[in-house]
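Each protein sequence line maps, in turn, to chains G and D.
All residue numbers for the first sequence refer to our numbering, where the first residue is 1 and numbers rise by one.
All residue numbers for the second sequence refer to our numbering, where the first residue is 1 and numbers rise by one.
You may find that some hints are simply not true.
[Stated by the list, open to error] Calculated from the model, a selection of chain G residues having no Cβ within reach of chain D, i.e. all distances over 10 Å:
hint	residue
1	Tyr49
2	Leu110
3	Lys125
4	Glu190
5	Arg269
6	Phe275
7	Ser278
8	Ser316
9	Lys324
10	Ala328
11	Phe372
[What the hints assert, rightly or not] Simulated DEER-style distance windows between Cβ atoms:
hint	chain 1	residue 1	chain 2	residue 2	range
12	D	Ala332	G	Gln313	45 to 55 Å
13	D	Glu325	G	Pro357	23 to 33 Å
14	D	Arg167	G	Trp368	48 to 58 Å
15	D	Thr32	G	Met365	31 to 41 Å
16	G	Gln313	D	Lys106	52 to 62 Å
17	G	Glu30	D	Gln382	25 to 35 Å
For the record, the hints were derived by calculation from the structure and aren't laboratory data.
All residues carry an ideal CB built from backbone N, CA and C; glycine is no exception.
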Amino acid sequence: MKTKLILFVFVLIAPSVLGHDYFFNLREGESRLIGDSEKARVRAMYQKYGKNKLEGHFTDMFQTKEIATCASVVVKKLTLLEAQVDGRESLVYVIRDLNIIDDIALDIILKRNKIKYEKSFPSLKNGSINKNNIREGYLKFKKQVMDGRCSENAYSSLVGFLNDKGYTKNGHLKAANSVAKKMGYITKNEYKVLESFRRAKVHHWPLTLKDYSRNLSALRRQIDLYGYEEGNFVTKENKKAKMSLRQYLYSNYDYLQILMMGDLVEKMRKRLESFDISILIRYADDEQTEVIPLEPTERFRFVLKLLRKELAQINSSNIFEFSKANYAVVITASYEVGSVSAVELEELASLEEIWNPKRSRKDRMMSWGRMFGRVASVIIPGPFGFLPVLAVMVVDGIVTEPKPDSDQDISLF
Amino acid sequence: MKNWKTVLLTLSITLSSQIFGFEIEKNVVARTKEFEAKIMTRKLVDLESIDSYDGKFFKIVYKKNEEAIKFYEHDGHTQLKAATTYYHLNKARKYFVEVLKSEFVKSLPKLTIRIDILNKFSELGHFANDNLDPQFNNALSIPAGLGYPRRRIAPWNNEIWFRPSKRIHISELGGNDRDKVQLKYILKAYRNQTHMVSFQNFLSKLLLGDAWSSSASTVSNVMRLAGTSVIVEGIFQSTGIAVDLFKQKYYRLDSALVPEIIYHEFAHVALSDHLAITHSSPVNEGMADYFAGKIANSKQLATKIKDYNLFSGKKVRKKQMYRYEFESQEYANADFVFGLLYEAEKIAGEKGPVMLYNVRTRIETDSSIRNKLLDGILRSCQLHCPIPGLNHIQLLKLFHYKGI
Numbered sequence: 001m002k003t004k005l006i007l008f009v010f011v012l013i014a015p016s017v018l019g020h021d022y023f024f025n026l027r028e029g030e031s032r033l034i035g036d037s038e039k040a041r042v043r044a045m046y047q048k049y050g051k052n053k054l055e056g057h058f059t060d061m062f063q064t065k066e067i068a069t070c071a072s073v074v075v076k077k078l079t080l081l082e083a084q085v086d087g088r089e090s091l092v093y094v095i096r097d098l099n100i101i102d103d104i105a106l107d108i109i110l111k112r113n114k115i116k117y118e119k120s121f122p123s124l125k126n127g128s129i130n131k132n133n134i135r136e137g138y139l140k141f142k143k144q145v146m147d148g149r150c151s152e153n154a155y156s157s158l159v160g161f162l163n164d165k166g167y168t169k170n171g172h173l174k175a176a177n178s179v180a181k182k183m184g185y186i187t188k189n190e191y192k193v194l195e196s197f198r199r200a201k202v203h204h205w206p207l208t209l210k211d212y213s214r215n216l217s218a219l220r221r222q223i224d225l226y227g228y229e230e231g232n233f234v235t236k237e238n239k240k241a242k243m244s245l246r247q248y249l250y251s252n253y254d255y256l257q258i259l260m261m262g263d264l265v266e267k268m269r270k271r272l273e274s275f276d277i278s279i280l281i282r283y284a285d286d287e288q289t290e291v292i293p294l295e296p297t298e299r300f301r302f303v304l305k306l307l308r309k310e311l312a313q314i315n316s317s318n319i320f321e322f323s324k325a326n327y328a329v330v331i332t333a334s335y336e337v338g339s340v341s342a343v344e345l346e347e348l349a350s351l352e353e354i355w356n357p358k359r360s361r362k363d364r365m366m367s368w369g370r371m372f373g374r375v376a377s378v379i380i381p382g383p384f385g386f387l388p389v390l391a392v393m394v395v396d397g398i399v400t401e402p403k404p405d406s407d408q409d410i411s412l413f
Numbered sequence: 001m002k003n004w005k006t007v008l009l010t011l012s013i014t015l016s017s018q019i020f021g022f023e024i025e026k027n028v029v030a031r032t033k034e035f036e037a038k039i040m041t042r043k044l045v046d047l048e049s050i051d052s053y054d055g056k057f058f059k060i061v062y063k064k065n066e067e068a069i070k071f072y073e074h075d076g077h078t079q080l081k082a083a084t085t086y087y088h089l090n091k092a093r094k095y096f097v098e099v100l101k102s103e104f105v106k107s108l109p110k111l112t113i114r115i116d117i118l119n120k121f122s123e124l125g126h127f128a129n130d131n132l133d134p135q136f137n138n139a140l141s142i143p144a145g146l147g148y149p150r151r152r153i154a155p156w157n158n159e160i161w162f163r164p165s166k167r168i169h170i171s172e173l174g175g176n177d178r179d180k181v182q183l184k185y186i187l188k189a190y191r192n193q194t195h196m197v198s199f200q201n202f203l204s205k206l207l208l209g210d211a212w213s214s215s216a217s218t219v220s221n222v223m224r225l226a227g228t229s230v231i232v233e234g235i236f237q238s239t240g241i242a243v244d245l246f247k248q249k250y251y252r253l254d255s256a257l258v259p260e261i262i263y264h265e266f267a268h269v270a271l272s273d274h275l276a277i278t279h280s281s282p283v284n285e286g287m288a289d290y291f292a293g294k295i296a297n298s299k300q301l302a303t304k305i306k307d308y309n310l311f312s313g314k315k316v317r318k319k320q321m322y323r324y325e326f327e328s329q330e331y332a333n334a335d336f337v338f339g340l341l342y343e344a345e346k347i348a349g350e351k352g353p354v355m356l357y358n359v360r361t362r363i364e365t366d367s368s369i370r371n372k373l374l375d376g377i378l379r380s381c382q383l384h385c386p387i388p389g390l391n392h393i394q395l396l397k398l399f400h401y402k403g404i
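Work the whole structure out from these sequences, hints included.
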């Protein structure tokens, strides 16, 4: 009852919270970045300083745009807080645990938190850098930081500038920083910051808090989300990409693309729920028409085929020229815009299996077994040649999952 | 005065039996927890008579009689049948009324249950002439009839008929011999593969020039290859004989003593407000199978009961794929629909049986599996599934993976 009441109050206040709390978690389930040891650290923090007190403090902190949208400032604030509270990193986990931020923001803040201002040795390749060429970029960087721009964003702009000048390699960036310091474009401290950012490869971060906040608030202005949902599917780490699907979405697509992809799934869902999909044939020779209603599974496969077609169509459009959409991303986008609920998420995502079936380990082993069996049936002389054939038949007939008989398939789709 | 006392006693017994119903313990065939069929003592409830199988909801009669079988009539085997049918029919009714909350079943008038009846059913005359082809080894639910007053044939309500068992030879059964066809199908693939391998071996020897060399070992190898093919071909050609040799030759079914058959027949009646029981179809048989399985709490029907049934029974076969033949009346008793409904129930969870019971309002006896039945399940799910949007997609996936 108590939980329900809290949930109810939460649902009531959630939309009002949206306008102020930049990364308030409304979509993600269990955090992929908080394991058992981090949970223990969070519990210890709560015990030591009180959950309510910490919650009040961080809620206020993340309602200030200048703080919330810059990881460097967040870390700075946490460092200041460290005088009163031990364990800066633990505090970052506390903020996530309180849902004041989500995993995407957490990941950025954690990365920023790990950057250390260590001593850096000047580059030996200074000769490859034209000092006049880089001056403008460093002065711009300096001005931006002085104007209060988030340092990691200012650094990314600087790297963009240097890349345009042809300084694309890590060695080039190091050398450019050395030259800039030597020429007095930047101070010793600024040099230290730039070098630590370079070492931490901040310019390769797919997303900064600023970018994320810009995308997220633009999206949330367009759509109404009905409260918090726990989508574990979008939070799980994709081992290949080393990030979650949601993180991948915000790192590669802007809010307009996300809206477009969400719309695809919204339509697919409506089509899947339809009980009446027909093919209309208008005869060429007269005005007669013929209507062929589709059966339930035909409707199902038709809808999936249509989605594939639409996916290919948006991928061929200019809007998706640089970042092609795939099915998992489209489903994540639809969850992000609220077209799909958390409980439907995995089920919808699994539909990809229908046109793109994954081969299980058992299947792979069976196909190897079948191959060896065939080879053995040729190599082993008669009359024992039939034994591997028999083994292959057993594999096919008993162990392998039955496949629909294509002769029996009378479906239109 | 004494007469008055007797009249009063009889009256009070009659009245109390009308209100409360009698109970009596009888031997019936029932299932153990391990699904073994055994004769056990069970309580027969809701009896309206103190000396016969005449209850509030069911009256068990012998053949064409209208009077309920007395507890002391006929032999022990007939008594066992009467008690077994009475017991399991009440259990089935209870399921529909209490679990599925069926108003239709609740409002059903008392059903007449005929055991050991040999006559065929006649839509006009209730019973076909005694001289016509006596019926054995099955059970059927018959629709109500208006009767034929000019021939003194009274109207009748829905009834369930259980035939006596009779040992018959397989040759009398007719129809497709599924075992034989299936084995032949598997062996065909094996035989083709073996011939192909022998041919490949022969070709490789031919290309290497070994086939025509005069060495004794090479000739022997070629002979062995040919021998393998001949053996496999021989096995393939004699499949039918082998199957005939090893399979069951005689069959019999005492339908009144198989609990799941009793449930199945009552399920037909419980579904008959929408699914006419005039004839069998894959859909109405599958629906009845599903509810029989639910009442029996089993994924198998009429199995493990060799004393009373030598036919194969039915099973939920998870891997069974859809074939277009399943739509035909010839396959009315296949177990595809049973398995499909069982899988669909799992998706709807606890509300699955209610969801599937309501499917009957959206289909007819002759509805197709691939169209109307699936459509009915999907529509019923919209009303009864716990998470309709999600369960709708899960059902569509299930149907797809079943090859429909």
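**OP:** Mind listing which of the numbered hints don't hold for this structure, in increasing order?
**Re:** 5 and 6
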